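Peer 1: Work out the full structure: start from the sequences and follow the hints.
Heads up: the protein sequence lines correspond to chains A and B, in order.
Everything in the first sequence is counted per the numbering used here, starting at 223 for the first residue and increasing by one.
Everything in the second sequence is counted per the numbering used here, starting at 176 for the first residue and increasing by one.
Once the Cα atoms are required to be at most 20 Å apart in a straight line, the calculated EDC-like pairs of lysine to aspartate or glutamate come out as: (1) B:841 with A:265; (2) B:183 with A:353; (3) A:405 with B:844; (4) A:379 with B:369.
Label pairs and their computed distance ranges (CB to CB): (5) A:338 with B:215: 37 to 43 Å; (6) A:264 with B:430: 46 to 52 Å; (7) B:524 with A:379: 36 to 42 Å; (8) B:863 with A:309: 51 to 57 Å; (9) A:300 with B:696: 51 to 57 Å; (10) B:708 with A:312: 42 to 48 Å; (11) A:355 with B:237: 33 to 39 Å; (12) B:244 with A:295: 56 to 62 Å; (13) A:315 with B:206: 30 to 36 Å; (14) A:396 with B:413: 57 to 63 Å; (15) A:264 with B:674: 56 to 62 Å; (16) A:264 with B:275: 56 to 62 Å.
Since the hints were made in silico from the structure, they are not lab data.
None of these values were measured; they are calculated from a predicted model.
By construction, the Cβ of each residue, glycine as well, lies at the ideal position given by its N, Cα and C atoms.
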Amino acid sequence: MQISFYFDQSRCICCHTCNIACKDWHNIQDVKVNWRRITTIEEGVFPNISVASLSLSCCHCEEPACASFCPVGAITKGQENGVILVDTDTCLGKDHCEVCLQACPYDVPQFGAEENSKMQKCNLCLDRTAEGKNPACVDACPVRALDAGPMEDLKAKYGDTKDGIGFSYDTALRPSILIKPRKAEKEGENKDFI
Amino acid sequence: MSASGDVKIVPTACLHDCGGRCPLRVYVKEGIVIHIEGEERYRACLRGRSLRQRLYHSDRLKYPLKRVGARGEGKFERISWDAALDEIALELKKVKEEYGNSAIFYSASGSSAILHNRRAGYRLLNMFGGCTTAYGNVSNEASIFASISSYGTMWTGNTRDDLINSRLIIMWGWNPAETIWDTGTSFHLIQAKEAGIKIVCVDPRYTESAAAFASQWIPIFPGADAAMLIAMAYVIIKEEWVDQKFLDTYTVGFNRFKAYVMGAEDGIPKTPSWAEPITGVSATMIERLAKEYALKKPAALVATWSPGRSGYGEQFHRAAIALATMTGNVGIHGGNAAGWEWAYPSTPSVGGLPVGKNPVMEGTAPHKNSLPHPNAPNASNARVHNTKVWDAMLAGKRGGYPADIKMAYFMGGNPITQLADTRRGINALRRLEFVAVHEQFMTSTAKFADILLPVNTNLEKEDMGVPWLGAPYYVYANKAVDSLWESKSDLEICTLLAPRMGIENYNDKTDEEWLRQIVEDSKDIPDFEAFRRKGIHIVDLAEPWVSFKEQIENLEKNPFPTPSGKIEIYSQMLEDLNNPEIPPIPKYIPTWEGRDDPLAQTYPLQLISSHPKRRVHSIFDNISWLKDIEPQALTINSVDARARGIVNGDLVKVFNERGKMVIATKVSERIMPGVVHIHEGGSFEPDEKGVDRGGCPNIFLKSRHSPGGAFCTNTALVQVEKL
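Peer 2: Structure (structure tokens):
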């Protein structure tokens with residue numbers, strides 16, 4: 223089984239509540255450390271513009287580059303749930319390594335400001351899911367743009383939808399995430415006036 | 176309260192004065208808050224979820240402070256509560272004896288709590304003989320004025336679950352993705368979008384709401400909104416799309432409005448071509464939106480408050496209401512009356528701490544241009560308009576103001592950043608004999624205190640809250656932890672002050688006893704214990720709440736609360752004010768400091784400000800989790816930036832006759848050329864030359880309000896230069 227995230231980009235209002243809920247639950251005080259990151263993609267020239275936002279945490283890839291490149295085997299993928307975890311005792315730390323950050327196409331690995339900080343990232347709120355709760359970000363989203371669960375269940379619920387604006391599905395790594403894209407508003411669109 | 180192991184979960188709420196009113200679940204372990212979660216249905220935003228960082232912030236005011244440097248310099252020393260309270264009581268008595276109660280200026284804000292904050296101080300000062308206060312709601316006075324003069328009430332809205340019944344939603348300046356506008360509104364708009372309902376956004380900025388909800392963005396110049404609405408009215412009249420039966424049955428004065436719109440009154444037909452150069456919106460677009468609005472019924476025109484925060488902003492709201500009536504979109508599911516937006520009457524259902532009467536206002540006449548209507552806000556001419564507070568302090572009775580103000584008592588609220596013309600504000604506060612401030616942090620206003628008292632946050636006391644705009648629920652805010660350091664609630668402070676001021680019986684109840692009584696008096700919350708235990712009471716409505724449904728169903732039995740009993744497109748009440756700047760029918764009146772003002776030769780950019788997603792006004796500005804989300808900046812279109820040699824991120828100087836600021840730029844396509852934007856609530860941080868480095872846009876505002884009382888945060892011309 224692979225526990226995964228679903229993100230409905232067409233719903234996202236770019237409010238950052240998911241990130242704050244994540245920081246609160248995992249008690250991340252370091253402002254530069256974001257297990258969930260929200261980026262805004264703006265295209266076009268006034269007044270014909272389109273804007274989309276992308277809320278992304280670790281995608282818990284089926285073939286995680288971070289894990290395969292980690293020189294000390296600190297990053298492992300759970301057999302049972304597919305969740306990728308970091309053993310911070312084994313991790314060499316940012317002053318000596320950062321190979322995982324270079325390997326990840328989605329800039330997931332995070333490092334704190336302290337000396338030789340160890341890699342940290344989304345663990346899919348295993349403490350919450352063990353109690354049958356959703357990850358903190360999922361329960362926080364004001365517009366219900368996030369969901370999490372076994373990949374097969376998510377596919378059945380939302381369809382096999384992989385690419386979003388600002389996100390391209392890496393076929394080698396196979397990120398465990400479904401994204402419903404926001405449709406780009408094209409110049410001259412809006413023809414649905416009566 | 177529920178507990179799991181040594182962690183207890185306290186149901187409480189976020190009670191800041193923002194558009195939401197969100198229930199929270201606070202995890203407390205050994206007396207320390209360790210997590211904050213929202214509730215499933217009414218989900219809290221990033222602000223409420225950051226309250227832990229606010230609660231434990233190292234910059235919290237911890238002890239009573241007494242000024243030691245020059246006023247405003249920000250130098251203080253710690254004193255005891257007894258010494259601080261004695262001094263405030265002494266100064267209050269001194270000012271009262273020497274100058275009378277009107278010399279005490281009181282203002283309070285920062286919380287929408289039912290029990291604590293603003294009511295506590297007002298009750299105290301009213302029992303003391305009264306005080307001078309300000310009128311003119313900074314957020315929405317124009318909408319209040321238009322709603323009262325047109326409908327006779329501010330209860331004009333529908334609950335958000337009714338949006339799904341619309342065929343078209345026009346968000347006119349409406350940005351609930353960032354300003355919330357009742358918890359859950361964004362989700363209702365998403366559901367409307369997914370149901371295929373067309374959503375159009377009219378706004379000078381491509382906001383997060385425009386991005387997430389709208390399929391069409393219509394950028395419009397600030398201050399020009401009434402012109403576009405009136406041109407839409409022209410199209411609807413000309414094409415005979417008017418709902419004549421509705422107008423005949425429920426309204427008065429349409430023909431007077433029609434004569435103005437079609438040009439019979441002044442020889443100028445208000446055609447889309449007339450509106451095009453005023454608004455920056457093409458005539459074709461105006462025609463298309465008019466057609467859409469007239470023919471796609473029911474349609475919800477949400478005429479929100481920001482366009483009304485302009486010179487003659489009342490006309491925007493009056494025109495929007497005229498359009499809603501012309502199309503028969505009032506009092507029906509899926510429509511919207513385009514008024515002030517209160518829906519379910521949760522606000523009047525709960526009273527709050529009784530404040531009594533203010534003797535300074537007793538027997539006074541109404542101020543000029545106030546509406547002689549029982550539902551209009553308190554109109555005493557003993558009050559000072561919010562844009563004139565600083566001027567009133569400086570000029571006093573000789574300047575035509577009702578009082579010679581000698582001391583200010585600010586219970587939160589941060590008026591230095593939130594009122595207009597900051598430089599004048601600083602001069603005014605420096606001239607007073609005494610300034611007392613209750614605060615949680617060293618705000619731009621707190622720096623001007625002589626005595627500064629530390630107030631606890633809403634996680635440290637018992638309270639309750641009501642949604643801003645009439646969502647059908649109430650929140651109970653249980654106390655999560657004891658007050659930190661030496662902080663106290665405003666009510667506690669006032670209770671300690673009262674005997675020192677010679678006041679008896681100020682407070683004979685505990686917070687819980689007050690809340691129990693308020694709930695019992697409410698009639699709408701059946702069970703205090705259950706309410707407190709759950710932290711929320713949701714009123715189950717059989718169907719979405721629609722204002723004016725009873726009027727539309729049976730006008731004879733349920734007349735509108737207006738002098739005529741109908742919706743007043745033409746208002747005799749306004750005619751009787753005899754002021755050409757407040758015409759009896761909606762008109763477009765070009766504002767001062769608009770694009771056509773000769774001043775635009777010197778200051779060619781229109782500055783607007785809006786509420787940021789990461790703050791509630793100036794509150795939360797210092798929260799590290801939130802700070803980087805949207806750094807304070809001047810947003811400028813690439814056309815205006817290029818003309819000035821500015822690239823994204825550059826520091827620029829922004830200036831007009833009233834202020835100077837240095838701020839980083841955000842060059843963006845998401846704002847119209849000719850318009851620049853700074854989020855309101857940025858702190859005022861003057862350097863040695865008095866140039867603001869904190870990004871407080873209100874330094875640029877003129878101390879002038881619209882004739883109907885609007886506070887004009889979106890009417891200011893500035894120039895921008897690369898530093």
